[in-house]
Amino acid sequence: MRRYTSPANRNFKATIIDPIPERNASTTVLHSDQDSLCLLKGCLLFLLLSSTTFYAQAENGNGSVPFLEKTEFKVGYTGNFFWNNGLTIGAEYLWKEKLKAKERKRGNRINTHQFLFNANLGFTANFSTKTDTGLFTNAGITWRRTNKKGKQFSIELNPIGYYRSFLPETYEVKGDRAEKVFLAGRGFYAPSLSVGLGKRREGKKLSGRYFNMNLLLRTPFNSGTIPSISFQYGYRFHLKKKK
Amino acid sequence: MQMKIITPISRTIVFLITGFLAFSCSLEDDLESLDDTVFVRHKKADMPAYIYGNGTEKVFLITLHGGPGGVGLGFRSPMFKKRIEKEYAVVYFDQRGSGMSQGSYTEEELTIDIMAEDVLALVKVLKAKYGTDARFFLLGHSYGGTLGTATLLKDQEDFLGWIEIGGSNHPYGVYFANLTNHTRVANEQIALGNSINYWQSVKALVLGMDNTTRNDTDSRKLNFEANTAEKRLANDGVINRETNKADIAFEYNLLTAYWNTRTIQSIERRFFGEINYSDRLSEITLPTLLLWGKYDMIVPATFGTSILENIGATTKELVIFERSGHSPMASEPNLFADEVLRFMELHK
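Note that the protein sequences, when read in sequence, are chains A and B. Numbers given in my numbering equal positions in the first sequence, counted from 1, plus 9. Numbers given in my numbering equal positions in the second sequence, counted from 1, plus 1.
Please note that a few of the clues may not be correct.
Result set (BS3-like, lysine-lysine): computed pairs, CA atoms no more than 25 Å apart in a straight line [to be verified]:
id	chain 1	residue 1	chain 2	residue 2
1	B	K59	A	K183
2	B	K59	A	K189
3	B	K83	A	K183
4	A	K158	A	K214
5	A	K183	B	K45
6	A	K189	B	K128
7	A	K183	B	K155
8	A	K111	B	K45
9	B	K83	A	K139
10	A	K139	B	K155
Honestly, the hints are just simulated from the structure, not real lab data. Since the structure is predicted, the reported quantities are computational estimates derived from the model, not experimental observations.
Please construct the entire structure, taking both the sequences and the accompanying hints into account.
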């Protein structure tokens with residue numbers, strides 16, 4: 010190791026210490042916190058109104074199928090195992106259903122194609138550093154195909170989504186002052202897309218299970234948009250009345 | 002029926018919120034073995050500072066990672082944990098747009114000036130949390146050296162000393178210095194009979210580059226080659242391998258960190274060209290320790306010599322690590338720790 014001191018000190022010299030080998034485009038700010046809050050409110054309002062309509066429909070006795078007959082709930086793990094882990098709960102309301110028959114050598118195969126409205130609420134956290142904790146909600150539409158063995162393939166698109174991060178101890182600095190922020194975090198518009206497989210359990214209270222791969226975008230995040238990938242594994246169940 | 006649905010959902014929500022609050026509450030601070038994560042909110046960004054080590058003397062070593070787009074905890078190698086944190090509190094800071102920092106700002110709000118103000122904001126936060134009697138040293142590696150210089154040129158009052166490792170006060174100047182340095186090292190290694198074919202290819206690469214005007218493509222090529230060259234030097238036993246590295250696999254969501262790095266590096270080109278603090282180094286009067294690897298192929302040691310000659314500090318020193326490249330803290334960790342601790346002990 011060589012050591013040099015400054016020439017200004019008039020001691021500019023090289024001291025050789027025995028080397029000890031140690032082998033060894035600008036993004037437009039679309040949503041402020043205020044906007045994001047409005048989005049969350051809108052999302053919740055949508056869920057509330059939908060539920061109210063469905064319940065009203067159920068109570069009317071006008072011949073239409075009651076809400077609970079067409080609704081499944083789900084609960085499951087969400088995360089990527091290494092960094093973020095959390096829980097998600099949600100509901101799926103059957104909107105349209107079609108049976109499609111295909112002729113095969115061994116006889117006809119009937120697949121069920123469904124369109125469902127869905128809404129989710131989830132929580133995710135990095136327990137190691139606490140820097141990536143968030144609560145999210147989203148709503149959208151799911152397309153699902155179920156074969157005669159009950160095996161399912163689904164694509165879930167949630168264009169309405171909101172993610173609220175929760176930060177640990179946070180201080181805001183303005184001028185010379187640093188003040189602690191209560192419940193610090195940021196709101197992001199967070200649409201998502203899931204693609205997954207599942208299995209329907211006919212006639213059971215626990216009506217199915219699913220395994221999805223989910224892509225969630227958060228924007229505006231720093232100076233752009235950030236994607237996050239997670240896996241979702243869970244169970245669907247219904248609350249239908251026993252007949 | 003409605004109640005039956007609502008009740009379990011409500012219970013789940015209450016359970017989740019309770020769980021969240023339990024995990025978000027920090028334990029009472031223990032100065033002897035600090036383990037805190039504090040976010041700094043400043044100019045539309047929230048940036049985490051991870052604070053570890055011995056804070057009994059309230060002497061904090063603030064580290065500035067390279068990149069831009071590196072991660073704060075990238076510094077937290079076994080040497081930092083065992084040696085530096087044992088004596089002092091070390092603050093690992095994810096800069097704006099890096100690591101797990103988040104926020105909402107335009108690309109125009111991502112400048113070295115604002116990033117330097119972020120560092121000064123961090124100091125204010127640390128004072129608010131640990132008391133106004135807290136004292137600070139600033140340490141910057143590579144781009145962190147550039148950022149540290151920018152910070153000190155804004156305000157050096159709160160700092161006791163400045164430690165710069167392989168940094169540059171003129172990032173665009175690195176290109177021209179590297180043209181010379183690559184040729185020099187290539188000639189030296191060919192004369193020694195080390196990886197002759199490789200070093201001849203390096204010489205050919207340099208010869209094909211414009212030595213009068215810098216361009217992004219050539220600069221990136223040269224930077225890439227610099228990393229390869231350091232690996233080659235390590236393979237040939239000229240320098241030590243960088244074994245003392247931090248394990249950040251579980252600390253960062255690597256996709257988030259990678260995405261942030263990719264984004265900030267695409268923006269960095271815009272503001273890098275404007276940075277040149279060469280004429281202002283005399284304004285920095287803090288005790289300064291410059292640490293450079295002799296075979297730093299990314300920011301050659303000539304930058305260290307130049308800073309030593311021009312910085313305004315009366316107490317200043319340049320230490321060249323004979324068996325290191327760009328990151329002496331990873332290749333000669335014990336010598337590195339000796340130097341840092343000696344400097345801090347002297348000036349705290």
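Do the hints match the structure? See the list:
Under the criterion of a C-alpha separation no larger than 25 Å, the hint pairing K59 of chain B with K183 of chain A is consistent with the structure, at around 24 Å. With a CA separation close to 20 Å, the supplied pair K59 of chain B and K189 of chain A stays within the 25 Å bound. Annotation: proposed proximity of K83 of chain B to K183 of chain A is violated, straight-line Cα distance about 36 Å (limit 25 Å). Our distance criterion of 25 Å between C-alpha atoms is met by K158 of chain A and K214 of chain A, whose separation comes to about 18 Å.
Simply put, K183 of chain A and K45 of chain B have alpha-carbon atoms about 11 Å apart, close enough for the 25 Å limit, and the pair holds. Taking the CA atoms of K189 of chain A and K128 of chain B, the gap is about 12 Å. The hint holds against a cut of 25 Å. This hinted pair checks out: K183 of chain A and K155 of chain B have alpha carbons roughly 16 Å apart, not beyond 25 Å. Proximity of K111 of chain A to K45 of chain B is assessed by CA-CA distance (about 57 Å); at most 25 Å being required, the pair is judged violated.
Restraint check for K83 of chain B and K139 of chain A: satisfied, since their Cα atoms lie roughly 24 Å apart, inside the 25 Å limit. Pair hint K139 of chain A plus K155 of chain B does not hold up; C-alpha atoms about 32 Å apart against a cutoff of 25 Å.
Violated hints, listed in ascending order, are 3, 8, 10; each of the other numbered hints is respected by the structure.
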